[in-house]
Amino acid sequence: MRIRSIVISLLVIATVCSTAAAQNDPDYLEFEELAAIGAGSFALFGAGKLLNQWDSTYPSRWTGPLPGEPAIQRWLGGSYYPGKSNFLDGDFGSALTPIIGGLIIGAADLKWPASKRGKDFGQDLYVYGCGLLATKGLTAIAKGFIARPRPLLVLHPDLAATRTDRDDRYDRQAFFSGHASSAFFSMTYANKRVRGTMRRVMTADSYRDWRWLPPILSYGWATFVGWSRIHAYKHFISDVAVGALAGWVMAELFYYFGDRSYDDSVNDSRAPAMFTLTIPF
-6 MRIRSIVISL
4 LVIATVCSTA
14 AAQNDPDYLE
24 FEELAAIGAG
34 SFALFGAGKL
44 LNQWDSTYPS
54 RWTGPLPGEP
64 AIQRWLGGSY
74 YPGKSNFLDG
84 DFGSALTPII
94 GGLIIGAADL
104 KWPASKRGKD
114 FGQDLYVYGC
124 GLLATKGLTA
134 IAKGFIARPR
144 PLLVLHPDLA
154 ATRTDRDDRY
164 DRQAFFSGHA
174 SSAFFSMTYA
184 NKRVRGTMRR
194 VMTADSYRDW
204 RWLPPILSYG
214 WATFVGWSRI
224 HAYKHFISDV
234 AVGALAGWVM
244 AELFYYFGDR
254 SYDDSVNDSR
264 APAMFTLTIP
274 F
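Start counting the sequence shown at -6; every next residue gets the next number (the working numbering).
Hint data in this document are derived by calculation from the structure and do not stem from the laboratory. From the three backbone atoms N, C-alpha and C, an ideal C-beta is built for every residue, glycine too. Check the hints yourself; a few may be wrong.
Estimated spans, in silico, between C-beta atoms of each pair [to be verified]:
1) K42 - K77: 24 to 34 Å
2) A32 - Y200: 30 to 40 Å
3) N79 - W55: 35 to 45 Å
4) L96 - F35: 34 to 44 Å
5) A100 - P150: 39 to 49 Å
6) E25 - H149: 48 to 58 Å
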């Protein structure tokens, strides 16, 4: 099993246990709601794992780059050479940002000026973990169904054919980027939680002066993760852009699911930002 799957599964199991204490409290999700969120997330994750094992011999449903993408690939990623990679490549790079996001969310929850910080932490991390599972599942469904070849195969087929570590199934999973979807999910959720805590612990003037910092740092890092996939010739820019959008939408959705004990919007509306047309800044 891949590292990211192990990390996410352990995260969900641990937070299910810590969330149990939050039951029978009107400020928190009921057990049935928690179970529904978890069941839906695991179902989507399982469907993604199954579809991701799709027969690698069937024709790809999207083979070529979009107009201008080869030029953008070379501009952002530079020249390709055998074995080109970076420290965010592979399972480590995929798991790193969700772990960072979980740590940030936990720190923000424990700073929350309320008497139920343990319950806040448990429920928030549980919903966050479920959202990660669902995002991974959605990404895997797209990868398995569309089977888009990675840029290396499209732009450098001769070099791709000489590799000793060829994996036909992996080579046809470019759309959309799992690193980008998980990074933007994690950083979007973390940004919303940190800014909510800042509203509670800071004065209005201080919040206005510093509210730009969390989105700059979080989305800056998520964008860097997306660039790293282009640099490694694992994804075209369209793969990264769609992955980023998917991760952002899933974060907005799951944050809304768990936004019971936190009401961190200025106008006390609990509607997610994508419906109120607010921006992360």
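Here's how the hints hold up against the structure:
The hinted window of 24 to 34 Å between K42 and K77 holds, with their beta carbons roughly 28 Å apart. A hinted range of 30 to 40 Å for the beta carbons of A32 and Y200 is consistent with their spacing of about 37 Å. A beta carbon spacing of about 25 Å between N79 and W55 contradicts the range 35 to 45 Å that was offered as a hint. Between L96 and F35 the beta carbons are some 23 Å apart, a value that contradicts the proposed interval 34 to 44 Å.
In this structure, A100 and P150 meet the distance hint of 39 to 49 Å, their C-beta atoms being roughly 47 Å apart. Evaluation of the 48 to 58 Å hint for E25 and H149 yields a pass: the beta carbon distance comes to about 52 Å.
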